[in-house]
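Order-wise, the sequence lines are chains A, B, C and D. Residue 112 in my numbering sits at position 112 of the first sequence, with consecutive numbering throughout. Residue 141 in my numbering sits at position 141 of the second sequence, with consecutive numbering throughout. Residue 19 in my numbering sits at position 19 of the third sequence, with consecutive numbering throughout. Residue 1 in my numbering sits at position 1 of the fourth sequence, with consecutive numbering throughout.
Incorrect hints may have been included.
Unchecked claim - For lysine-lysine, the following PhoX-like pairs were computed, each having C-alpha atoms within a straight-line distance of at most 25 angstroms:
1) 54/A x 139/C
2) 146/B x 54/D
3) 73/C x 54/A
Rather than coming from a laboratory, the hints here were simulated on the basis of the structure.
Spelled out, the chains give:
4 protein chains.
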Amino acid sequence: MMTREGLLQELQDLNEQEIQTIYKMVQALKRSRVSPLAYIEELMNFRSDGYDEKEGVYVYRMLVTEELKNRYKMLHGGITTTFIDTAMGSTVFQAFGIERRAVTLDLNVHFLAPAQDGWLTARTRVVKSGRTIIVMETKVTDDNGKLIATATGDFFRLA
Amino acid sequence: MMTREGLLQELQDLNEQEIQTIYKMVQALKRSRVSPLAYIEELMNFRSDGYDEKEGVYVYRMLVTEELKNRYKMLHGGITTTFIDTAMGSTVFQAFGIERRAVTLDLNVHFLAPAQDGWLTARTRVVKSGRTIIVMETKVTDDNGKLIATATGDFFRLA
Amino acid sequence: MMTREGLLQELQDLNEQEIQTIYKMVQALKRSRVSPLAYIEELMNFRSDGYDEKEGVYVYRMLVTEELKNRYKMLHGGITTTFIDTAMGSTVFQAFGIERRAVTLDLNVHFLAPAQDGWLTARTRVVKSGRTIIVMETKVTDDNGKLIATATGDFFRLA
Amino acid sequence: MMTREGLLQELQDLNEQEIQTIYKMVQALKRSRVSPLAYIEELMNFRSDGYDEKEGVYVYRMLVTEELKNRYKMLHGGITTTFIDTAMGSTVFQAFGIERRAVTLDLNVHFLAPAQDGWLTARTRVVKSGRTIIVMETKVTDDNGKLIATATGDFFRLA
């Protein structure tokens with residue numbers, strides 16, 4: 001077990017950028033104390049932007065930061081998928097109410113362009129709302145409206 | 001910009017478990033200074049276990065920890081997918097050499113059972129190795145051999 | 001080898017509905033002599049309805065007939081997929097010109113509702129048009145506008 | 001409505017190969033009178049080769065014929081998918097008994113190599129057998145053992 005003093009020791013040789021990274025992680029950790037979001041979702045600065053009635057889609061955002069990138073300095077495809085999965089899960093809550101829990105059955109993601117910086121937007125549409133299965137599709141765009149990824153997913157409603 | 005002193009201030013009211021979480025993150029951050037892995041992959045304790053010649057699969061492992069879980073205390077499906085994507089990407093490196101870079105075109109993941117704790121294993125098989133397209137499949141199991149997820153993916157070789 | 005006389009013999013005990021089925025097949029076979037469509041596509045009465053500029057989609061139709069159904073008297077899911085694959089392939093031709101041939105890399109199809117009778121419509125959108133990879137999505141609806149299936153597909157351009 | 005005489009008239013100008021094609025279609029139609037298979041499945045000469053206990057897979061075969069090909073004289077990808085869908089549906093029957101009907105929720109198919117002639121083999125494995133959802137994977141090979149396609153599918157058990 002690491003003590004508080006040990007942790008402070010560990011922080012001694014962090015450089016400026018690493019200090020900022022750890023600070024963001026501490027902030028996310030504190031938010032997750034009271035947030036319905038998971039820690040990883042807080043780290044992504046995941047947020048809901050409500051329902052776009054005109055388009056019929058639920059809108060979400062996340063912030064691309066250094067610690068979420070792959071070795072090529074692009075957003076890690078796994079994090080893009082985490083964004084999509086979280087957007088779909090949140091849509092189930094918003095569209096069908098919090099008393100029904102649903103789990104992801106499967107996801108199919110096409111990665112169309114790399115994401116480098118700034119905020120991403122996910123727009124999620126309910127394609128089918130069955131008694132047991134909910135089918136959704138999500139499109140992820142960057143700040144310039146460029147399409148980053150498109151995905152479909154099946155969610156399973158627990159009784 | 002947060003200063004080192006500001007960060008230390010922020011750490012004052014972390015509880016025991018949060019101290020451990022931040023410590024793990026600092027460790028992962030330090031490893032990522034010299035590691036070919038992305039930070040998020042270090043956070044997952046991603047590692048390669050070599051090629052299983054008998055089965056014809058490349059083997060990888062990751063550790064399920066609290067900060068990688070969703071609100072239901074199961075491994076976040078997005079992190080499972082990050083594990084799979086990283087395993088497939090590493091397989092391209094191991095199977096075809098580091099001079100060829102490849103990017104994920106698409107992933108299709110079926111989530112079969114929740115993962116709760118301990119090490120997960122990913123076994124990745126190259127299904128097709130074309131000049132441009134590499135098709136792989138990955139199966140993720142937990143410590144008890146239970147199948148957690150199965151996935152297929154297309155990777156695109158950059159020239 | 002069956003002779004013409006042998007075939008006529010075989011037709012003796014067909015009932016009324018079977019006569020109609022074979023007649024449709026003969027018609028499709030004759031159309032396929034001069035058609036750029038495959039025989040199976042002629043059997044489905046596949047046709048292009050042009051480009052819907054307002055929606056940005058290419059529109060196609062097919063006719064659900066008895067011989068294309070499964071044992072439950074619904075359109076066979078494999079035929080729905082044949083419709084989708086043909087619509088995507090035709091879209092490549094229309095959008096990028098006939099000098100470029102493209103082959104299907106993968107298809108992901110969600111079956112949302114059974115199709116029973118009448119004409120189906122497929123609307124295909126080009127989601128990404130890369131130098132090598134074309135990503136499309138197709139939605140299939142029935143005469144009442146009910147969503148039957150939704151699909152995404154990757155096509156690979158041959159040089 | 002076409003009469004028997006009208007049909008015979010229509011057959012007058014068929015060439016040798018077309019006569020053979022129509023003959024195969026009449027045969028398939030007659031088999032489908034008593035067969036649990038759909039007409040399109042009979043046209044593919046779909047058949048079950050039983051359970052391979054050693055590999056843990058259900059084995060099926062189909063015959064590639066001219067009328068199932070696309071305009072490039074390769075097996076139409078939609079027919080490959082029809083083969084896969086039928087193999088998965090038959091596996092549900094064999095593995096779980098005929099009293100439970102199941103429908104295809106989604107299919108994900110990777111087309112790996114073109115199929116030209118002869119018999120194809122589909123090997124289907126049950127990956128997950130839930131109370132409601134059955135996940136399967138199917139690999140299609142040709143006579144030379146070359147991998148033609150690999151697929152995963154979710155089936156939904158009707159109560």
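Comparing the hints with the structure gives:
1. Proximity of residue 54/A to residue 139/C is assessed by CA-CA distance (about 20 angstroms); at most 25 angstroms being required, the pair is judged to hold.
2. For the suggested pair residue 146/B and residue 54/D, the alpha carbons sit about 20 angstroms apart, so the restraint of at most 25 angstroms is met.
3. The hinted pair formed by residue 73/C and residue 54/A fails the criterion: a straight-line CA distance of about 38 angstroms is larger than 25 angstroms.
Of the hints listed earlier, the one the structure fails to meet is number 3.
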